[in-house]
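When you line the sequence shown up against this note's numbering, it's residues 331 to 434, in that order.
Calculated cross-link-like contacts (lysine to aspartate or glutamate; reagent style DMTMM-like; alpha-carbon spacing at most 25 Å):
{"#": "1", "residue 1": "Lys399", "residue 2": "Glu365"}
{"#": "2", "residue 1": "Lys370", "residue 2": "Glu380"}
{"#": "3", "residue 1": "Lys418", "residue 2": "Glu353"}
{"#": "4", "residue 1": "Lys399", "residue 2": "Glu379"}
{"#": "5", "residue 1": "Lys433", "residue 2": "Glu365"}
{"#": "6", "residue 1": "Lys433", "residue 2": "Asp421"}
{"#": "7", "residue 1": "Lys399", "residue 2": "Glu347"}
{"#": "8", "residue 1": "Lys381", "residue 2": "Glu398"}
{"#": "9", "residue 1": "Lys433", "residue 2": "Glu380"}
{"#": "10", "residue 1": "Lys418", "residue 2": "Asp405"}
{"#": "11", "residue 1": "Lys351", "residue 2": "Glu365"}
{"#": "12", "residue 1": "Lys351", "residue 2": "Glu398"}
{"#": "13", "residue 1": "Lys418", "residue 2": "Asp348"}
{"#": "14", "residue 1": "Lys351", "residue 2": "Asp405"}
{"#": "15", "residue 1": "Lys399", "residue 2": "Glu380"}
{"#": "16", "residue 1": "Lys433", "residue 2": "Glu379"}
{"#": "17", "residue 1": "Lys433", "residue 2": "Glu396"}
{"#": "18", "residue 1": "Lys399", "residue 2": "Glu374"}
{"#": "19", "residue 1": "Lys381", "residue 2": "Asp405"}
{"#": "20", "residue 1": "Lys370", "residue 2": "Asp348"}
{"#": "21", "residue 1": "Lys381", "residue 2": "Asp391"}
{"#": "22", "residue 1": "Lys370", "residue 2": "Asp389"}
{"#": "23", "residue 1": "Lys399", "residue 2": "Asp389"}
{"#": "24", "residue 1": "Lys351", "residue 2": "Glu428"}
{"#": "25", "residue 1": "Lys370", "residue 2": "Glu428"}
{"#": "26", "residue 1": "Lys370", "residue 2": "Glu396"}
{"#": "27", "residue 1": "Lys370", "residue 2": "Asp391"}
{"#": "28", "residue 1": "Lys433", "residue 2": "Glu374"}
{"#": "29", "residue 1": "Lys399", "residue 2": "Asp385"}
Here are the simulated distance ranges between beta carbons:
{"#": "30", "residue 1": "Arg424", "residue 2": "Ser354", "range": "13 to 23 Å"}
{"#": "31", "residue 1": "Ala388", "residue 2": "Glu428", "range": "32 to 42 Å"}
{"#": "32", "residue 1": "Gly416", "residue 2": "Ser377", "range": "27 to 37 Å"}
{"#": "33", "residue 1": "Cys387", "residue 2": "Lys351", "range": "36 to 46 Å"}
No wet-lab data here; the hints were simulated from the structure. In this text, all values refer to a predicted model and were calculated from it rather than measured experimentally. Don't be surprised by glycine CBs; every beta carbon is placed ideally from N, CA and C.
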Amino acid sequence: MTATVEQIATNPLLQQEDLPKFESIQPSDLTPAIEHLLSKLETEFTSLEEKLATDSCADYDAVLPEIEKMQFPVDFTWGVAGHLNGVKNGDELRAAYEENQPKI
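Kindly generate the complete structure, drawing on both the sequences and the hints.
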């Protein structure tokens with residue numbers, strides 16, 4: 331299932347400029363958010379790999395911050411999902427969480 335542009339734009343798990351929007355998050359938001367973020371992460375990581383393959387001067391201190399920036403959105407979303415799973419657990423949320431855990 332591929333999320334539409336509108337679903338991505340309005341998904342509270344993808345609005346990461348501020349504190350999590352717990353009151354707006356629904357279990358049905360989790361899978362589209364995770365799929366979008368993992369796809370984006372894969373694209374960004376592939377791009378970084380290609381850049382590093384041609385950059386003989388790349389070092390650990392230059393690469394690690396880039397990887398951290400790429401991973402942050404996934405970490406943020408999964409952290410919120412894990413918190414909700416711990417404090418507001420229900421059948422629908424548990425199913426969405428368990429469905430996405432292997433992807434992470």
